[in-house]
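All chains should be built: construct the whole structure from the sequences, respecting the hints.
Number of protein chains: 2
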Amino acid sequence: MSTISIIGSGGMAAAIAGRTAKAGYTVEVVSRDPAKAQALADKLAVGATTGTYGAIPAGDIVILAVPYAGAASVVADYGDALDGKVIIDITNTASPDLTSLVSPAGSSGAQEIARIVPASAHVVKAFNTLFGHVLAKGGRLDAFIAADDPQAKARVSTFIESLGLRPLDVGGLHMAQTLEALGLMMIGLAKNGAGTWDIALNVDIG
Amino acid sequence: MSTISIIGSGGMAAAIAGRTAKAGYTVEVVSRDPAKAQALADKLAVGATTGTYGAIPAGDIVILAVPYAGAASVVADYGDALDGKVIIDITNTASPDLTSLVSPAGSSGAQEIARIVPASAHVVKAFNTLFGHVLAKGGRLDAFIAADDPQAKARVSTFIESLGLRPLDVGGLHMAQTLEALGLMMIGLAKNGAGTWDIALNVDIG
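Protein sequences, first through last, are from chains U and B.
For what it's worth, the working numbering labels the leading residue of the first sequence as 1, then goes sequentially.
For what it's worth, the working numbering labels the leading residue of the second sequence as 1, then goes sequentially.
Hint data in this document are derived by calculation from the structure and do not stem from the laboratory.
These figures come from a predicted structure and were not determined experimentally.
Please note that the accuracy of each hint is not assured.
Unchecked claim - Listed below are several chain U residues computed to face chain B (Cβ distance under 8 Å; list not exhaustive):
hint : residue
1    : 34
2    : 199
3    : 206
For glycine and all other residues, C-beta sits at the position ideal for the given N, C-alpha and C.
Below you can see the structure in the form of structure tokens.
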């Protein structure tokens, strides 16, 4: 199987890395803090490696699993090292008080990230409506994706399917605005009507 | 059972009115065009009535089931006739090309409507993430609600439950921003990943 690179070492990075390793991919974990990357790689199944922060990632698919507030600086640190990559933006753009979104009006975190990656890279929004601990439990969850480039979207869709999730395309990258709002709604639902963070959305079709 | 007033006579008005009548309420249908209100009332079960557009609605709960673009003028036409009412805003705030939301940045259609209703009225966002034809088919669908006033929210929650739906509170009325984005996402999902408008979201809890 091919290599998937994950930049980040937090809860979501661990959850996605866990499912990715279990699916048989080689997972390259990269963090600004090499010790954190190593710790996550050590927790994963055979085949996990660590990469050098800022160097060209081993995977053609690179999962940007860092807080949104730090995403722009990570992309800047990588610069041309992201040439030609399919970048999965999983960021949650909720404000610190979890009542609103920090992305600019009429845009989304994903669109802002797309503006600063190399022109040959493609950004796909995905995973941001799933809670890490729910994702880590397994199960065929629904995973919404938004992207402009059809090939990048198809590759991420195949990757998500291979993790045992159901990819659901909601449209172009501008639809990341709705997915990021949905991420915030999941938080609102957890704190209010559901009363638990053990929640996942699924779509009844037909 | 008590009376529920519905202002509007389109597909969503008919779908909600149908379930409301079936649940045993008296449904008061009101439209700018009395013939349309009468036609919808005639289609409903025994107990449906029509009301006079702009006059005090018979129901304590008033469902504003008109296009968002016309909602402000309806509220203005009613003025103080909405004093003390619980107003359910079901509007879809998608742009005509279905790619973005028309509500002002940092606000929602529901919040804009809340600004212009009488101070004694309470606005609750609900039903906007459900497609009318799916709602009309029946079934225990998930219905997300957002509102600031706890009593108004509790009343709408009880009403929604009585229709055989599962009410799910996502938070204060500012969360209508996320529900309206979710409404747009449902359209994106229907046009893309699902490939059908026969879709509904549900939440796996726990």
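Here's how the hints hold up against the structure:
1. 34: 37 Å, violated
2. 199: 5 Å, holds
3. 206: 5 Å, holds
Figure legend: structure checked against the earlier numbered hints; the only hint not met is number 1.
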